[in-house]
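Make the full structure from the sequences, and use the hints.
Residues per chain, in single letters:
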Amino acid sequence: MNVVKSPDVIRTSGLGSCVGVVIYDQVREVAGLAHVMLPDSKLAKSSELNIAKYADTAVEALVERVIKEGGRKNALKAKLAGGAQMFQFSTATSDIMRIGPRNVEAVKQQLRRLNIPIVAEDIGGSSGRTIEFNPRTCLLSIRTVNQGVQEI
Amino acid sequence: MPYFDKLNTDHMDILKEIGNIGAGNAATALSRLLNKKIEMNVPDVRIVSFDEMMELVGGAENVVVSVFLRIEGDVSGNMFFMLSLEQAERFIQQMTGYKEFGELGISALQELGNILAGSYLSALADFTNLKLYPSVPALSVDMIGAILQYGLIELSRVGDFAIVVDTALYEADQVQDSVNGHFFLLPDPDSFAPLFRSLGVEMR
Numbered sequence: 001m002n003v004v005k006s007p008d009v010i011r012t013s014g015l016g017s018c019v020g021v022v023i024y025d026q027v028r029e030v031a032g033l034a035h036v037m038l039p040d041s042k043l044a045k046s047s048e049l050n051i052a053k054y055a056d057t058a059v060e061a062l063v064e065r066v067i068k069e070g071g072r073k074n075a076l077k078a079k080l081a082g083g084a085q086m087f088q089f090s091t092a093t094s095d096i097m098r099i100g101p102r103n104v105e106a107v108k109q110q111l112r113r114l115n116i117p118i119v120a121e122d123i124g125g126s127s128g129r130t131i132e133f134n135p136r137t138c139l140l141s142i143r144t145v146n147q148g149v150q151e152i
Numbered sequence: 001m002p003y004f005d006k007l008n009t010d011h012m013d014i015l016k017e018i019g020n021i022g023a024g025n026a027a028t029a030l031s032r033l034l035n036k037k038i039e040m041n042v043p044d045v046r047i048v049s050f051d052e053m054m055e056l057v058g059g060a061e062n063v064v065v066s067v068f069l070r071i072e073g074d075v076s077g078n079m080f081f082m083l084s085l086e087q088a089e090r091f092i093q094q095m096t097g098y099k100e101f102g103e104l105g106i107s108a109l110q111e112l113g114n115i116l117a118g119s120y121l122s123a124l125a126d127f128t129n130l131k132l133y134p135s136v137p138a139l140s141v142d143m144i145g146a147i148l149q150y151g152l153i154e155l156s157r158v159g160d161f162a163i164v165v166d167t168a169l170y171e172a173d174q175v176q177d178s179v180n181g182h183f184f185l186l187p188d189p190d191s192f193a194p195l196f197r198s199l200g201v202e203m204r
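Taken in order, these protein sequences are the chains called A and B.
Under full-length UniProt numbering, the residues of the first sequence are numbered 1 to 152, in order.
Under full-length UniProt numbering, the residues of the second sequence are numbered 1 to 204, in order.
Among the hints, a few may not be true.
As the list claims (entries may be wrong) - Every beta carbon over 12 Å from chain A, so not counted as near; a handful from chain B, in silico:
1. 9
2. 10
3. 17
4. 33
5. 45
6. 70
7. 87
8. 95
9. 97
10. 108
11. 119
12. 126
13. 170
14. 172
15. 200
16. 203
To be verified - Dumping the calculated SDA-like pairs for lysine to any residue here, alpha-carbon to alpha-carbon at most 25 Å:
17. A:45 / B:73
18. B:99 / A:126
19. A:45 / B:7
20. A:45 / B:50
21. B:99 / A:45
22. A:45 / B:45
23. A:42 / B:161
24. A:45 / B:11
25. A:73 / A:126
Because the hints were derived from the structure by calculation, they are not lab data.
Quick reminder that beta carbons are idealized off the backbone N, C-alpha and C, glycines included.
Below, the structure is given as structure tokens:
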């Protein structure tokens with residue numbers, strides 16, 4: 001989890017079932033990115049909770065950090081990418097195998113709860129993604145192995 | 001990372017031996033399949049952060065061919081067999097006569113992964129007397145980071161570190177500095193104790 005101000009950009013590489021959540025304020029040119037691995041902190045089995053990993057804790061913490069860096073609460077918007085299902089199994093799929101869609105759903109639920117609109121998203125599918133967000137243009141550039149680079 | 005603290009050098013040696021026996025068997029299977037000399041290195045057992053794990057295989061964005069199996073049974077975990085694109089092409093050509101990643105090539109790679117991972121796991125099951133049930137293997141050609149995330153989900157519930165049993169295979173006539181195939185065994189956190197117990201070593 002990290003927050004940057006223009007002219008810096010923020011990126012994360014090799015997103016699979018994880019979801020990259022960008023929360024930004026277009027006017028203040030500040031943006032934060034969280035890399036969500038699991039939908040719910042209740043899944044954690046360790047005593048020390050890494051809040052950056054779970055949708056229910058990471059989104060809220062990220063919003064707080066963006067606000068601390070100058071973002072205005074009512075101007076915040078979000079863009080999402082990731083949540084792929086990297087391997088297709090013919091046999092019955094367990095909950096763990098469906099982790100991508102579950103991460104996406106959990107992130108969206110948190111954004112709804114915090115009243116942050118989702119402006120654009122590129123989610124699901126079966127490809128890994130590398131994403132980069134520029135707080136000045138507010139464009140999220142997404143690179144996949146098969147489809148090259150696109151911006152949303 | 002509570003369960004890592006309980007590991008001593010005996011445990012690490014056992015994991016190394018597991019990598020040795022499993023990959024040794026797989027190397028023999030590969031050698032028979034391709035009628036070629038296959039060499040393997042000494043297994044590397046490491047406790048690494050997720051980021052370091054990506055670095056072991058050339059960074060999160062590096063594109064690889066990977067066969068993934070989920071293991072269930074007395075112990076559970078994930079297994080990956082990874083190949084560079086160049087090596088996958090070579091194997092496809094040797095098995096099918098074609099060089100492309102077409103339907104036939106993908107199918108051949110899936111079968112190759114099936115045979116290799118199957119021989120790795122059956123050697124492990126024989127050695128430990130544990131029941132291991134591998135899933136049907138799934139194949140993906142994509143960024144390493146995206147692929148490995150799948151195998152790290154269970155581990156990430158406990159911490160941000162993984163114990164990786166890594167064994168590399170080489171074709172004997174290829175340059176040594178290019179590692180051609182990697183086996184990664186990632187036992188689930190709860191599986192270490194039964195795994196060691198099966199070999200007569202307790203985890204305290």
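Hint by hint, here is what the structure shows:
1. 9: At roughly 24 Å from the nearest Cβ of chain A, residue 9 (chain B) sits farther out than 12 Å, so the non-interface label holds.
2. 10: holds (25 Å)
3. 17: Holds, since 28 Å exceeds 12 Å.
4. 33: holds (23 Å)
5. 45: The claim holds: residue 45 (chain B) sits with its nearest Cβ about 22 Å from chain A, beyond 12 Å.
6. 70: violated (8 Å)
7. 87: holds (17 Å)
8. 95: The claim holds: residue 95 (chain B) sits with its nearest Cβ about 22 Å from chain A, beyond 12 Å.
9. 97: holds (25 Å)
10. 108: With a cut-off of 12 Å, residue 108 (chain B) remains clear of chain A, as the shortest Cβ separation is near 18 Å.
11. 119: About 21 Å separates residue 119 (chain B) from the closest Cβ of chain A, which puts it past 12 Å; holds.
12. 126: Holds: least Cβ distance 25 Å, greater than 12 Å.
13. 170: holds (25 Å)
14. 172: Given a closest Cβ separation of 30 Å, the condition holds.
15. 200: The claim stands: residue 200 (chain B) keeps its Cβ more than 12 Å from every Cβ of chain A (closest is about 27 Å).
16. 203: At roughly 17 Å from the nearest Cβ of chain A, residue 203 (chain B) sits farther out than 12 Å, so the non-interface label holds.
17. A:45 / B:73: The given pair, whose Cα atoms are some 21 Å apart, holds under the 25 Å limit.
18. B:99 / A:126: holds (24 Å)
19. A:45 / B:7: holds (19 Å)
20. A:45 / B:50: This hinted pair holds, its Cα atoms lying about 17 Å apart.
21. B:99 / A:45: Between residue 99 (chain B) and residue 45 (chain A) the Cα gap is close to 46 Å, so the pair fails against 25 Å, i.e. violated.
22. A:45 / B:45: holds (24 Å)
23. A:42 / B:161: holds (19 Å)
24. A:45 / B:11: Distance of about 23 Å is within 25 Å: holds.
25. A:73 / A:126: Violated. Residue 73 (chain A) to residue 126 (chain A) sits at ~34 Å, over the 25 Å cutoff.
Hints 6, 21 and 25, counting from the list given before, are not met by this structure.
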